[in-house]
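This is what each chain is made of:
Number of protein chains: 2
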Amino acid sequence: MNKFKYLLEPRSIAVVGVSDEPGRPGSQAVRALLKYGYAGRIFPVNPKYAEFEGMTCYPSVEAINEPIDLVIIGVPAKGVVSVMEMCAAKSVSYVVVLSGGFRESGPEGVERERQLLEIARKSGIRLIGPNCLGFASIHSNVYAAFGSITREPRLTPGSVSLVTQSGGFGYSIALSCAEAGVGFRHVIATGNETDVDTVEFIDSLIDDERTSCIVAYIEGTRDGRRLLEVGRRALAAGKPILLWKGGITEQGARAAESHTASMTGTYDFYKAMYKQTGIVEISELHEVVDYVKALAPGKYPQSNGVAVMGVSGGSAIVFADAGEPRGLSLCELTEVTQQRLAPVVPNIGAIHNPIDLTAGYFSEQNKEKLEVALRAVLEDENVGSLCVNLATTGAAGSAVAAEVIGRVSRDYPKPVVIFSSTPAASNSEALAVFAADKVPVLPSPSRAANAIAMLLKYRTTRECHLDQSNNRLDELGGRAYQLPSILQAGNVLSEAESKDVLADVGVPITKDILLNIGEMPNFFGLTFPLVVKIVSRDIPHKSEIGGVKVGLRTAEAVEAAIKEVTSNARRLAPKATLDGVLVSEMVSGGYELIAGVVNDEVFGPVVMVGAGGIYAEILKDVTFRLAPFDVRTATEMLDELKCRPIFDGARGGAVLDVNSAARALASLSQFAWASRDVVQEIDINPMFLSAMGVIAADALVVPKSLVKAEQAPCPRPDSEAALAEN
Amino acid sequence: MNKFKYLLEPRSIAVVGVSDEPGRPGSQAVRALLKYGYAGRIFPVNPKYAEFEGMTCYPSVEAINEPIDLVIIGVPAKGVVSVMEMCAAKSVSYVVVLSGGFRESGPEGVERERQLLEIARKSGIRLIGPNCLGFASIHSNVYAAFGSITREPRLTPGSVSLVTQSGGFGYSIALSCAEAGVGFRHVIATGNETDVDTVEFIDSLIDDERTSCIVAYIEGTRDGRRLLEVGRRALAAGKPILLWKGGITEQGARAAESHTASMTGTYDFYKAMYKQTGIVEISELHEVVDYVKALAPGKYPQSNGVAVMGVSGGSAIVFADAGEPRGLSLCELTEVTQQRLAPVVPNIGAIHNPIDLTAGYFSEQNKEKLEVALRAVLEDENVGSLCVNLATTGAAGSAVAAEVIGRVSRDYPKPVVIFSSTPAASNSEALAVFAADKVPVLPSPSRAANAIAMLLKYRTTRECHLDQSNNRLDELGGRAYQLPSILQAGNVLSEAESKDVLADVGVPITKDILLNIGEMPNFFGLTFPLVVKIVSRDIPHKSEIGGVKVGLRTAEAVEAAIKEVTSNARRLAPKATLDGVLVSEMVSGGYELIAGVVNDEVFGPVVMVGAGGIYAEILKDVTFRLAPFDVRTATEMLDELKCRPIFDGARGGAVLDVNSAARALASLSQFAWASRDVVQEIDINPMFLSAMGVIAADALVVPKSLVKAEQAPCPRPDSEAALAEN
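The listed protein sequences correspond, in order, to chains A and B. Straight run, no breaks: the first sequence in this note's numbering ends on number 727. Straight run, no breaks: the second sequence in this note's numbering ends on number 727.
Read the hints as simulated data drawn from the structure, not as lab findings. It is possible that some hints are incorrect.
[As the list claims (entries may be wrong)] Here are the simulated lysine-lysine pairs, BS3-like style, with alpha carbons at most 30 Å apart:
(1) K643/B <-> K272/A
(2) K458/B <-> K643/A
(3) K272/B <-> K621/A
(4) K79/B <-> K370/A
(5) K621/A <-> K643/B
(6) K79/A <-> K370/B
(7) K621/A <-> K79/B
(8) K621/B <-> K643/A
(9) K643/A <-> K79/B
(10) K458/B <-> K621/A
(11) K458/A <-> K643/B
(12) K272/A <-> K49/A
(13) K272/A <-> K370/B
(14) K458/A <-> K621/B
(15) K272/A <-> K370/A
(16) K123/B <-> K643/A
(17) K272/B <-> K272/A
(18) K49/A <-> K91/A
(19) K79/B <-> K123/B
[As the list claims (entries may be wrong)] The following residues of chain A were derived to be distant from chain B, with all beta-carbon distances above 10 Å:
(20) Y7
(21) Y413
(22) L484
We put the beta carbon where it would ideally sit given N, CA and C, even for glycine.
Using the sequences provided together with the hints, build the complete structure.
So, in structure tokens, the structure goes:
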């Protein structure tokens, strides 16, 4: 947190643009700082005023003869650049520009924003905004903000930090959480993100000891790869990130474009990143609330087995309905557990899972019994977590339950989640006890199930992506591939050249002979039937010009086919340079997959695998991961496909060699990473998976064109270096 | 509502089983009646007491010399039957048994419950429960209930009626709604449903003028067909039913079984029923709240075009993200609308959809502008509904917005939904105005989108299923099919017989010749290639014993195949009676579908269609509808399939004759309905769909066995008749 310490906890703040005019952002900031009791020095700035809110008002930033950690700028857009220049002259470290009128408002604004960035880069100022609501550090009463952030109800201090690109909607997240009793540490709205962006803030908050959980709303990021790294760092640190990505649909992305002109990026790649980092995806306000509550105790289920216990059978059913599709299982209880439960559960109840304590159970006279029941269940090895359904239990019963559950749960590392629908207003005693013991209380059994499923998924991802085999990934990904010189040229590769590259990488390819034009094969080593294809860098779609002949069973047929594809190509693609003819063994049987790599502007190389043929297009049975990754992650990808049961021999088919496919994907991903500066795209279609292994039957490697390289985003500043200059 | 008028609004109530022992259900009921001001007469019953709560306490029901509309029984289970007998002797119309200890508690309880039902049937008493929380009629202060229903906070009167099988969880629904300001009319927990069940209550509530919307939670129903009819009646009446079905997963169903021993039924068939009746499926507590609010104004979108307007760009993006997968579209605004918006929206805002009013817009000085903007949008022909995002707008701005939006929205038939995240406690003025004008306020943009999507779907279903073509369905379904006599016998049909039945019904079948054993064909009229199959009622799986030969291109090959399948059958199924050999034209090309009928215990005949082959099993690309239905519904089914784009010629394939498939399915459904007493199952697999039409290549019709007929549920009482006797 050092990097932004004196931004978020400044010892002094100058606020440029205060006035008595109602609603001015600067004035709002000063009033909030005063109202909420900011302990540092405040320097209001406006040449027209001698005094503001009882404090000396300075004519300019220059005129302040004291050290200033943070300058808040709230003057109209056209005046912002000159104030920024003064901040640079004064060696200010941090500037928040609340004012709008920049990139979002046309060419003049774009130019203004460029100037702001230029000054920031030259001077080392770290700039937040422009066009942002600002930020608040609740624990230290810093309100470098205006609008809703400064209004009542005030947030209470806590350990959740929120970073949001959209001020208005982002603060809705904070308000929803606050209404459910969640406390905050930092709430930061980043606006246009000219310099510091959401990802950089998330990164720095991982190191903030007092932040236990980071919630973020973004519409896009320039650098998805950095988000991946930040996500991995957070996972290693055990600090969950809850990320709401706006603009995941076509219409949403269009709306985002007109909103912040953000590059929304491909949702599929975000989803891949979530899987690889344990970043928890959010798409509802109450999900943030539920997940923040569920994460607070820092307890994670060690298995998908859940015990459900309570006074409402219907609630248990609803829990089961919501839990099953999310991978939770109402586990069997051991014999021992059932024996322990028998004396403390009424006869008309149930001692199997879900445990029916029967209506009215939560009462003073059942306290000891409840404790026995809870301990029995929490000590059951099959039980990974517990949901207790209080349902409509009244205030008195709920208070008893809270006291016992809160106390007992402290002794166990397993998550305990409560469903209660008793109105909060009449249930304050129980809710206070649960809150003190960090036992999350959720308002529906389905939301309790979702929250437990989230905890389970987070733990599983953490285990999987932090283990030995994944740590070796850097090594694998970074290994010095001897990149084929053919890739350096930037030309399109032919099928034969593409397959050579892949074979070299470790992706099995069909057995081929490449003939010169006019040459006839000797078939040495090839097994019939064969396929004949024209080879030309200028003909990417060979079939369309009659450049492919399949199922050739005799030497004569092959020779005839070679002549035919050559003459077809000459006739239908007269301008194409023909590089030769490829004679390949024909793959028969096996399941048709597609695989590939896209070198994305935001995320860098991403690997795809999916069901091939018509189903690829119609069912979109495909999955993605950011390269590089290992065989375990590749296996995860294959396991996700809807067609997965076919690999295991569904309907009496052969069992396919999934491992060979996983190895090929992992190799492909590592090559994609190593070659990211020169390769734009790799398509393997079809890739056949059989009992014998995986084999690429056709492939195309597309190098990065020189044009694309020029369009690459300008390099980001080295912010550490910039800071060091201060 | 006449049927249950004096149950739900009784003029006098006897309560059997009152005592000073704490927590007795009967005592709780009496105290609730007194506390909440029930205006009718109350007769407490307990032979040990002379007085209870200051009223005369009667030794028995018989001893009460006044007319009694309703008897509430709360005595322990073993005493319930004799009280019930006294009620019968006294010609009581309605009895609510709160006591547990019946079907849910073992054989003795089953017998007790049987006796209760017997008395009810003989006497004409309508029985609610046993093992239920009872009911409350909020507007008339009737509390025939105990437990949470009688506890504070008291529900406020309103027009939503709730019927629930599970008392505990059902009342959680009521509490969640109440917390959001929703008022109730009747809240009914049905428990074991020995006599009156949820479906019958829903049915009667359709006719309750003061009930505008019915919410129900069920775990199962004995008679899904009746639920279908009730749903259709509610749709015709324009009275939405929100149904939460517990036990839709395997684990949920298992939990339900142990809870109320309900027959949970097949979730796929429930989903079909929702589509055919407009019953709104619920799976979250807040969905009930949101939907009840959204339905209250009785306004439905006439198109999927939504305009989004507000002060938070992020909220509009989140709305779009949630709306798109649910079929909503952020529509283009007309030129005229944009011209009208231009003068009333700030320059830095946006006059296209989503309309950005810019931060701080909702204020006293913008009132007139806001009105112009609202009218412009609501008068746009592309706009079917409007969402206004107040987001974090403060109390003052929200109050202004509420006044204008509430007033303007009254003039338009289009739904207007508000998203506000301002805490309710500090926003009471705005919320009261919105409530008075029935403008639903939802706590997230995604929930606003879901609510609008629900309204759209309800309207679409209503239009589709109430129109002319569907009204003719009864006629179609009820037409006097000449049921083939072969079905009456109850024997398994061979493929040839099954296909004959289907051809007769109107499902195209492959061209066949049925030969006797030993006979050779003359091929008259058949086009090669052909298929040869053994025909025997005793061999349902022909392929397994070598009884099928395909791709036969010559007369010689066919003759050899006939000999081979016959000898294979004789050798491998020596006990089977061979009925002959079927020679069929082989279907080549076309897309492989499966279709069929299941005559379900709960729902009666249900028709299925889906993608065939391995994908049927793995991708479960199938859909269902309850028979009978028309071509339009059949088309809807085909449109739902994931493989649907293939029918339109995806990837350059032929355009398939979808209409012929729809006609075949509609015919199949009408036959399934007409033959429901004799046909148990129909399987058509494969059914090929090509550009030439649809054709059943293999089929099996399974008659209802005599055994099954005996197991059919006993007939339900004619409740109207029973009532007439009173």
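Note to self: Name the hints, by number, that the structure is in violation of.
What the structure shows: 7, 9, 12, 13, 15, 16
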